[in-house]
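Number of protein chains: 4
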Amino acid sequence: MPDAADKRRARESDPTRHRWQPSERVPQNMKLYIASLSTPSPAALAVEIVERKGIGHPDTVCDALAENLGMALSRLYLERFGFILHHNVDKGLLWGGAAQPAFGGGEVLEPMDIYLTGRATREFRGVKIPVEDLAIGASRDWLGKNLHALDAHRHVRIHCLIRPSSTELVELFRRSRATGIVLANDTSCGVGYAPLDRLETLVHAVERRLNSPAVKTAHPEIGEDIKVMGVRQENRIALTVACALVGSHVRDLPDYYMKKARIAELARQVGGAAGVAELAVDVNTADGDTADSIYLTVTGTSAEAGDDGQVGRGNRANGLITPYRPMSLEAVAGKNPVSHVGKLYNVVAGRIAAAAVAQVAGVEEAHCCLVSQIGRPVHEPQVVDLRVRAAAAADVQDFRPCLTEIVQSHLSGIATLWRDLVHGDERFY
Amino acid sequence: MPDAADKRRARESDPTRHRWQPSERVPQNMKLYIASLSTPSPAALAVEIVERKGIGHPDTVCDALAENLGMALSRLYLERFGFILHHNVDKGLLWGGAAQPAFGGGEVLEPMDIYLTGRATREFRGVKIPVEDLAIGASRDWLGKNLHALDAHRHVRIHCLIRPSSTELVELFRRSRATGIVLANDTSCGVGYAPLDRLETLVHAVERRLNSPAVKTAHPEIGEDIKVMGVRQENRIALTVACALVGSHVRDLPDYYMKKARIAELARQVGGAAGVAELAVDVNTADGDTADSIYLTVTGTSAEAGDDGQVGRGNRANGLITPYRPMSLEAVAGKNPVSHVGKLYNVVAGRIAAAAVAQVAGVEEAHCCLVSQIGRPVHEPQVVDLRVRAAAAADVQDFRPCLTEIVQSHLSGIATLWRDLVHGDERFY
Amino acid sequence: MPDAADKRRARESDPTRHRWQPSERVPQNMKLYIASLSTPSPAALAVEIVERKGIGHPDTVCDALAENLGMALSRLYLERFGFILHHNVDKGLLWGGAAQPAFGGGEVLEPMDIYLTGRATREFRGVKIPVEDLAIGASRDWLGKNLHALDAHRHVRIHCLIRPSSTELVELFRRSRATGIVLANDTSCGVGYAPLDRLETLVHAVERRLNSPAVKTAHPEIGEDIKVMGVRQENRIALTVACALVGSHVRDLPDYYMKKARIAELARQVGGAAGVAELAVDVNTADGDTADSIYLTVTGTSAEAGDDGQVGRGNRANGLITPYRPMSLEAVAGKNPVSHVGKLYNVVAGRIAAAAVAQVAGVEEAHCCLVSQIGRPVHEPQVVDLRVRAAAAADVQDFRPCLTEIVQSHLSGIATLWRDLVHGDERFY
Amino acid sequence: MPDAADKRRARESDPTRHRWQPSERVPQNMKLYIASLSTPSPAALAVEIVERKGIGHPDTVCDALAENLGMALSRLYLERFGFILHHNVDKGLLWGGAAQPAFGGGEVLEPMDIYLTGRATREFRGVKIPVEDLAIGASRDWLGKNLHALDAHRHVRIHCLIRPSSTELVELFRRSRATGIVLANDTSCGVGYAPLDRLETLVHAVERRLNSPAVKTAHPEIGEDIKVMGVRQENRIALTVACALVGSHVRDLPDYYMKKARIAELARQVGGAAGVAELAVDVNTADGDTADSIYLTVTGTSAEAGDDGQVGRGNRANGLITPYRPMSLEAVAGKNPVSHVGKLYNVVAGRIAAAAVAQVAGVEEAHCCLVSQIGRPVHEPQVVDLRVRAAAAADVQDFRPCLTEIVQSHLSGIATLWRDLVHGDERFY
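Here the protein sequences line up with chains A, B, C and D, keeping their order. Going by my numbering, the first sequence opens with residue 1, and the numbers climb by one from there. Going by my numbering, the second sequence opens with residue 1, and the numbers climb by one from there. Going by my numbering, the third sequence opens with residue 1, and the numbers climb by one from there. Going by my numbering, the fourth sequence opens with residue 1, and the numbers climb by one from there.
Calculated directly from the structure, the hints in this document are not laboratory data. The reader is advised that the hints may include incorrect statements.
Identical chains share a label here; the pair holds if one copy fits it or two copies do between them.
[As the list claims (entries may be wrong)] Below 20 Å or equal to it, Euclidean Cα-Cα: the simulated SDA-like pairs (lysine to any residue) are:
1. LYS145 - HIS249
2. LYS31 - LEU279
3. LYS128 - ASP292
4. LYS128 - THR167
5. LYS128 - SER293
As the structure is a prediction and not an experimental result, all values here were calculated from the model.
Extracted from the complex, chain A is given alone in its bound form (with noise of 0.2 Å):
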């Protein structure tokens, strides 16, 4: 189904036609700036602010599928051709269904509706590829094996709004990898930063281990939508835990609160252990005494009940929401790994200052930022802006080489950055 947004794509990468030629105004190699980073780092400021919606979260099970399903299709198109063909699945929509929880038990009265949306090659040569199918059956699969409490087939309702990739795209998707010039598929920017800080590691741990597989075994009523808004003030860290038990496994109201106890104790662990000296821990605030007034679903989501969710609302690609750092809005969930600008900058910006920290005595923070503009070939941005702050009597300018190869070596990677996605187990949510 040959579309106009298709199509304006589609010749842009046609390798074929597109000789890329050097000009004023697009310099032949993007254009690399290195600099100071002259930002504060957070961490210094008197206020930060740092959130993660947990894996349950309705936003963060829209990333998921997205992203699961994105995979599979790589996955099935490799199997099954030995490359990967044209997708971008990178919208969806969760619509919130309808329950009754109670102690001990419960009810889902209305499933919620999942909407996968995007295209994806549907056929080529000759041979049907079951995308639906494959999108009913992966999603299923991930949501039976990260939501304990929830029937993936009874609860859940899964639509695919996966329009076929026209067969102009797809063949010149296939030729662009052939001839290793990949080009970039839109105009669009990825960031990243390095390290995370303190604030930014407690709140990603605290829910990792509320998540974790030793901690769902020993208290099965913790249900996985968890969201830590944490909020530092100068030394002082106050982390407000909204957390879904899971009915089943909740006997009553002081059973209720004595597992909310526990929880609360679980989160001030992972303070303790990473030597945060002043922590408050707040789990569901508002509880009332009644069973109506707390925080029990029978699935432990909150999406069983009218909350809804989507694609590219929740956590970056480091899995964190952070006001107090430079963001993307870009969606790396669902998109495809070989062309898909919107995918890879984040990932590469996210490494490129990792790599630059971790590798450059001397460089203790990395913020990169990588500008895209369609039609040029992936590997060579328009910008690559990398700011470093170096250590106190370090000059930035003396990175510059190391820095140079770093920023080199990662774009050089992008064109097999997809092996890492497709088989590795990074996760961007």
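Given chain A's structure and the hints, the job is docking chains B, C and D onto it.
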């Protein structure tokens, strides 16, 4: 339909249950931080990136429809009952259609599908409220008025995924309004800054100009789906404009190229008027030389052909995407203007920053961040973090009294902010 | 999209593969039975029951929209390619909405949803056919023209569940048309009879009168959703009429009762004109004495409020439901007029019966039944069973030559029957 | 959600408002006609046609799922409240999917979509009833049990288009049940006849045999989508069988033909056992000689690949389609067994006819027709028309007392008929 998420929030909004108690953990009044802004202005950096998705971009269409619906609901509730009832319609998905553009015409093959999602009061005091009818009517109206080449009846299908708000929630919402103490419905944060710098102003102005009534009348070939990506390197600004042209107003390929050149010229005029010396404008950069390889549409938006959109995935409340600026991930669109801190705090943070700059001589720039905690009164955030850049030779501490008053006045104004939002015409996308 | 069912049928329609071979099992020409009709005419029985669901009844709306779409597709294919392409849209569902009727007005709370279902050629010789756009446009047109109080844009949502016909099928369908030998796509049967008796004529006429332009202009309060159930006991006929009244044209309860009386009077006039002596008419029999307990609507159809409909669940091809007559379960509406025997045989059976009565003096009544076998030429049914009632003193066998000729001429006319159906204005619901 | 149609019916079912008054128009007790059946038995005619759509045919699947859901709802209401609450789920649509069958396997590309449609009580005495969850669960169960090669989770998507019954209606339904006087919810008619003749018995038996557990175990290649069309000409019976074969149990084309021959053989055995002398059986008549041109499926039903279905479009309550017999257009499936005359009267008419034949010596055949009038008590039809064929030398009038008693006893049994329907295992499709 009472549900877990509703209930969780409902009790937190119950003014009769929660008497607000000062404690050492949660100070009686929110904590206000006023500090010097040590972050450099992006205008002072070597590289700066700013993006705006125009009014016809699928993401912006979603924001606009969600906000438009929220406002229509608010007005309907006001008309019928004298006050606003509970609603939250801040999620939404646009599933792009299929089209066959052509010079001099073209046709839409399959309409786009728009899913408006959330909860709203559907019955109150025995009166049923035509939420679905309103959603469809209001959306068609908006589309008809804002996308000149789109047939809002034939080219669009609207789905209303809006569950009824729980009875409890409806009642509590009403009562909390009655007592005058509205409690925060979530733990979230809002951010804002002022003023816009030169690149921000330019990017915003270029899209606004291209989508102005005057330009549309003179150049009906310019579709509303315009994305402007501005990249500044030192003093040079490059704008990459993606602009959908409307096939029925384009005769042939030469005409297309002629009209594209005019678009670039219009953008350059905006730059010229703003005194930008070194400005490069690229429109639909990678266009080829056949009808298939240019950015031609039937309706003026790529949503006609497979480009999908979502609420909250595009512009922030100030109409821009600014990776070099603090940003919130909270969508403003579609949230109720009475209790939803995700909306109120973003609006208020922007206004506090603007007021700091406008009203306090010597304040050149301001960043403001507000964090709520679920269950606290809306006008008492957990933390207010206001950082300002003082003009040379000024001391931020001298501004403290003025700034404190600005903050307090905006916080106390939150209770009636809905009037501005409902009756005003400020746009937050 | 090639599929099992398509393929199965496709090969059966391939005129190049199947050479039609006479065999003892399947005679070269279909077997024609002509016999005396020994079944008594229902008019001769003590009890007779006849029903008609009027044009605005949810089932009839579904029939009309399916047929309207099939015809619109046929015409579009003819215009663009010179012949009709494969399609079958004979399924459909109307999901009733929600409404709040009131004297002097009322409002629709949720629109009705209409699902048009089937398969159609969506691309041919590289040209895409706007099937979905057509389906929506044609349906809105029909609704706008036929249901005077319904807003076809606001009160209805149309879903096009139409998969593409397989490429193979499209091609074979075209070729079979080209060779002039169209093969039956299914094993099914069609039935017809003539003439209508007095009760049948009356039931049909009452609905047609109440829904005539003259009555609608004079009495806009009469909605199109009119169901007439006629029960004859000996000479007495009782009509039970259910008729939706349109709230905006009804002032109050007395006005409602006055207008209801007028509807009964109009029905009695039809009876009087037809010479029915003993006629009782009940309209909305069980109405109560409050606005809540009468049959008041906003749009003139119960589909606005939870009454659902389906294609093929109401009137047979002659516009009636007649348990005392032979009936086929095949829906005529929406089937393609070239090869679909479920449509063609019902139409032709009715025409053969009518011709037998009209053209053969001495034939007073005729029943006709045709059975196809999948893969046989459409004009050669497996069996034709024609039974006629001869006037007193006549012998059916004397009519044999005439009747045989009537059958043969109608069978050979099947090849061009589509012209009648596409360009004529005969209604089969 | 009170609605016009609900209300209209609700008041008619209100036993406290309507005192049933005898009148000249509507006799106090329904009018019972007992007459001699002058219509010839189809077995006595030269030609007869009988059809059965097997359990896996898309239309039958729809009937089965609607009835299955209605019964599940009835049982749930009984369990939770002790009586059946209002519901009507007698509409439904199956939108066929897309599949790629293959010898030894194949795959479903897109699931089929099933839309279950109607109204049901969703809340009663403050208890919410998980209608949607039940609909999905019950449907998956039925599909899993009845279609052996279908994966009820992956290959099917179920949509619950069920609006809440109006509160009023719920209450009246309950009250009418309490008073023991249930009023008819519609003006409609039910018909039945007995006994089945030889062709009817054969057509039914062939499908039942091919879909019996024994045959399925021995021949898993036989899908449940089996359509049997029986045409009798004089003494010769021809059965045209369309039977979906399951690809995973078919090795190759010769194997397919071998297995097809076995199906014909099985059908002939049924005929032999029934003493049919001249029987021809055709299976998938028009199969070609390539994998593409045979009736191969993944799941055993053509619903996997574009064949759509609807409730009430296939078999009548006795499991057959019989154009030479009286038939009702009312769907039995999915209607509530307490007040819905469209269900009750079809069941009862069949039972009265069967009882007349079984219990009255000398009655060889019986046709029964019942007509309700909306608002009359269910056990007092407007008319009962019973016609019987007496054995030679018998006089129908002699049977009048027995037949009257049979009718009366079945009518008075209507009040408790639901017990049979809910707990029995009679099938009406």
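How the hints compare with the structure:
1. For a Cα distance limit of 20 Å, the shortest separation of LYS145 from HIS249 inside one copy, 19 Å, qualifies, whereas the shortest one across copies, 32 Å, does not.
2. Taking identical chains as interchangeable, the C-alpha atoms of LYS31 and LEU279 lie at most 20 Å apart only when they sit on different chains, with a minimum of 17 Å there against 44 Å within one chain.
3. In this homomeric assembly, LYS128 and ASP292 come within 20 Å of each other (Cα to Cα) only across copies, at 15 Å, whereas the closest approach inside a single copy is 50 Å.
4. Both within a single protomer and between protomers do LYS128 and THR167 lie at most 20 Å apart by alpha-carbon distance, with minima of 13 Å and 14 Å respectively.
5. For a Cα distance limit of 20 Å, the shortest separation of LYS128 from SER293 across copies, 18 Å, qualifies, whereas the shortest one inside one copy, 51 Å, does not.
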